Amino acid sequence: MAFITTKKQLEAYKERIEHQMELLPLSLIFSEEDKGAIYTIYRDLIEICDRRIKSFPEKYNPFL
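Quick note: to get the numbering used here, add 1457 to the position in the sequence shown (first position is 1).
If a hint is listed, it holds; no wrong ones were tucked in.
Quick list of in silico lysine to aspartate or glutamate cross-link-like pairs, DMTMM-like style, CA-CA up to 20 Å:
#1 K1464 with D1501
#2 K1464 with E1475
#3 K1511 with E1472
#4 K1492 with E1479
#5 K1471 with D1501
Derived by calculation from the structure, the hints in this document are not laboratory data.
Bear in mind the structure is a predicted one, so any value in this text is a computation, not a measurement.
Take the sequences, apply the hints, and build the full model.
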């Protein structure tokens, strides 16, 4: 994964997670227990993204 350096990139990442979360029930390779665990991870990632989006600085330099 590349560095996320803008708020827009973080929002796009969150949207990709949400999309994967929507597709999860259609998956045939995971058991219901696995899907529950994956859903929890996705939900936690979305919560983290929401917190970071709210506090994301206008200009961010990950190398400082």
